[in-house]
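Here is what each chain is made of, one letter per residue.
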Amino acid sequence: MGHVIKKWIPIFIATGSGLLTLAGYLFPDTTLSAYRDQFIEWVVIVAAFALILGVLNILRVHSQRIVNSAEGWPYSLILLVAASIAWIPPLFSGPTGSMTQGILDYVISPLGGALAALLAVTLTLAGVRLLRHRRDPLSVLFIAVVALALLGTTPLLGFEWLGEVRAWLIQVPGMAGFRGLLLGVALGTVVTGLRVILGRDRPHSEL
Amino acid sequence: MIYCPNCGTSNRKGSRFCNECGQPLPSTGVRCPMCGTVNPVGNVYCQACNARLTPASEPEKEENFEEQSEDRATRAIKGLSLPTIPLDETEQEDEKASGEGDEREASPAADWLDELRGSAEQSTEDAEDDEAMEGVEDLDEQPAPADIPDWLSDLGPIDQDTHLGSGSEDAPLEQAQEGGAASEETPHEEQPTEQPPPFPLDDITPLEREATPATEEETGPERADIPEWLRDLGPVVEVPSPFTDDEDLGEELFSEEPEPEQPGKERPDLEEETPEWLRDVGSSGEEKPELPPSRPTAADEPQTSETVATPIEIPDWLKDPEAGVPPRPPKEVEQEEPLAVEDDAELEVDTEAAPSSEEPLESLEIPSWLHEAELEESPPEEPMAPFTKAPPEDVETPDWLTELAAQPSEEEGEAAPFPSGLERADVPSWLQEMRAGEGEEEEAIAEPTETEGLLKGLRGLIPASSTVTPPATYQRPSRAETTEASLARAELLQSLLAQPAVKPKRGIKEARRDTASLLERWLVAIVLLFAVLGVLLAPRIVGRSPQLTEPATNPGASDLHRLVDDLQPADDILVVFDYGPAEADELSAVARPVLQHILSRGAVISIVSTRPDGTLVAAAVMEQIASPDQYTIVGYRPGIETAVSQLLATSDRTPELLLLLTSRSMPLRAWIEQASARYGEALPVVAAGSAALEPVAAPYLDAGAGQLRAAVYGLPGAASYQSLRGYGDDAAQRLNALAASHIAVVAVIVVGAVVHAFTGTGKE
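Chains as they are written, first to last, in the working numbering: chain A, 1 to 207; chain B, 1001 to 1764.
The hints are simulated quantities; they were obtained by calculation from the structure and are not laboratory data. Treat the hints with caution; some may be incorrect.
Said to hold, decoys possible - Pulled a few chain A residues facing chain B out of the computed Cβ check, cut under 10 Å:
id: 1; residue: L104
id: 2; residue: I108
id: 3; residue: A147
id: 4; residue: E160
id: 5; residue: F178
id: 6; residue: R179
For glycine and all other residues, C-beta sits at the position ideal for the given N, C-alpha and C.
Could you put the whole structure together from the sequences, leaning on the hints where they help?
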């Protein structure tokens, strides 16, 4: 009896909810759309609780690292201290208050910008070392495309044709490749949804 | 179930202690001391093994003595009596007797007995046949002439009032047995309620049938008045029961029960009336014992008038003494039915198993006629002792058994030969080898004698040696030999372990490689830094910035600018801030001119985000370009696609424009898909993202799709939009710096690729 409950009750709920929500999209002008919106409302609430659980899990994991003196435990200590500090201002000034905005302007944004700048340097260094270990035509082609895309983004005066080359690269091969990627993602989403609805995949159950 | 008197818990039947509180539970049965079977309370014998449950020597209580005596007398009388009252009436009278028992018990037994004896003496004088009066005290009483048959009226005068009025429950047992007819007068109402119903005469045991006819032959009344069946009875009772009809004496006469004999009570007058055969039996000088409660027999069945008239034949088993006593009925039946018939012969059998009388068992009398018959016709059964005595001579012994007995046993030192007809079996060789030899036998005999404990004095019970013997191939392990070589190896290992760890020296080539890598990092960083800072700081250093590029005409920016221009004041514009602080420098530069354009159109901006930090970035941007009353930050919605769908579903009205500010593909795709699914083409969706988002948004921006109406990407798009708005100096300056960094990056990559193309190993 327990096995049946653990296996089939979640399947019944997932299948029913999925089919009802899907029907709400297929028939938007019917009552089914109301059930669809209601289910989506519930998902948002559940997702909010998932965020809270995620925060608590981060605190638990790093606290254990500090207690056990695991490797890199000082970083965990810094994380907990920073989280505690970032958690306090919204309590007094709200999520978009002045104190919270100050943390954004003077802490979060500079650090984010610095990481993005480091990404630029890292990608450049990777391009420099590409032919060091892989000496093949594809590597050369990759470097050529990168150079054309960069130079075509901000075409130098007198080299406006680089802009047209870049546009062609994005509109033709780039869009083709990305459309194929989107179609693959869409088909994968449809198949995954059908498997969940039909009970073949049960990510909501351990059985 | 047994309920605990202490806590009321129900326990299983047969439990001795409460399962809940541990208190002892009241006994619901009598446990047999022999087999342990639990018998119902009241059982005298075990229903499983027939062992006696109550001690035979236990003195009976005085207050129960009368009832027991009454019961015995009733049983005895009933067993020898004839059914004169129908069964139904008997049961009714039993019920009456239970209510009148107290009064009857209170009546003194000795008074009526004295009166009865007195009347018996008087009747003896008047009786024509004195012998008929012997042993028939009860029948000497004279009822009313109309009620008494002729044969009874000849017996003599009896004080009817005395007889009927006196309680007879304490009638002596001997009197009841001596007067078979009198015993027939047993008042049924005095019988215990557990008395079995009367039984048919066919079921009376032969001994019982044989008990009465002798009396008739000697002292019976006129044969004309006595039934034939009664004449054929044995010589136990002198006067057979003449009351075959209830109308002769009336029910009152039968309602009284003779008083059972009380121990120690003197009855001098009875000796004179005792018939000769009874005197012979009583010549031993012992009074007839009380009837012990023995097992009932099949004679307890109801007795009908039809069966009474049937002539009785002495069975063969009684005629043939060798046939022995007939088998008794099953024990269960015996126990269920109380004793109703007591005969001397039956007593002899029953008293062996259940003596309960105060008198010894030897005092049980056997009728002389039966005793003599047994002595003459049946040899006494001797106890079973087949190995101590020789078989009786009249028993035919088989030949083989005779020969076997004549041969000496093995204990006498000679092997007993096999009798004729039997041969020694051929023992296989393998089995012969397993036989113990002479030495083994001697060894077994040589086992030491136990000197202490319970087995003191016994020999060979406990083996002296171990039963497990080690295998013959077992060898004791020898000590490990240490050689000089092994010691040297151990010392070497110990010295190696004691040395400190030494890092291996790096090679020159590897050191050069590490230095080159470090230089590459610094070179790339310095080139990029100088490229960006050079362009940005050039106006302050040189006085003018280098013009590397200029904003190009962007079709996406043009489309977006047109859509915003079409907005009307107070139109609802939903702006999604789905980027964080790390992308804020680029995206804020893109978002800022578009939002300023929207605000300039008088539209109302609602800001949402599917990132926790998105609202914070939005607040920072909006503070720079708008007043708080021009926008509303709805907040953060967890769950990307679900949040978008929920947000669109909960909106009161359809927004006029949806502006997506993001740098990642997933939020862009989620917003485009959900908005298109819910609103279709009714909601124009535009995007302002990073330069990296352009290939991702290109499929939705295609004219055939129409899901994304317009989009601007990165600083070129922002510069193009600003140029459309009429201002763009700041964007143009940042665009030049970007162009310089792009040139630097491409230069570094190309130089590095060339260098590594010729100097690199080419191995992954």
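Inset, instruction - Against the earlier hints, flag every one the structure doesn't satisfy and list their numbers going up. - result: none
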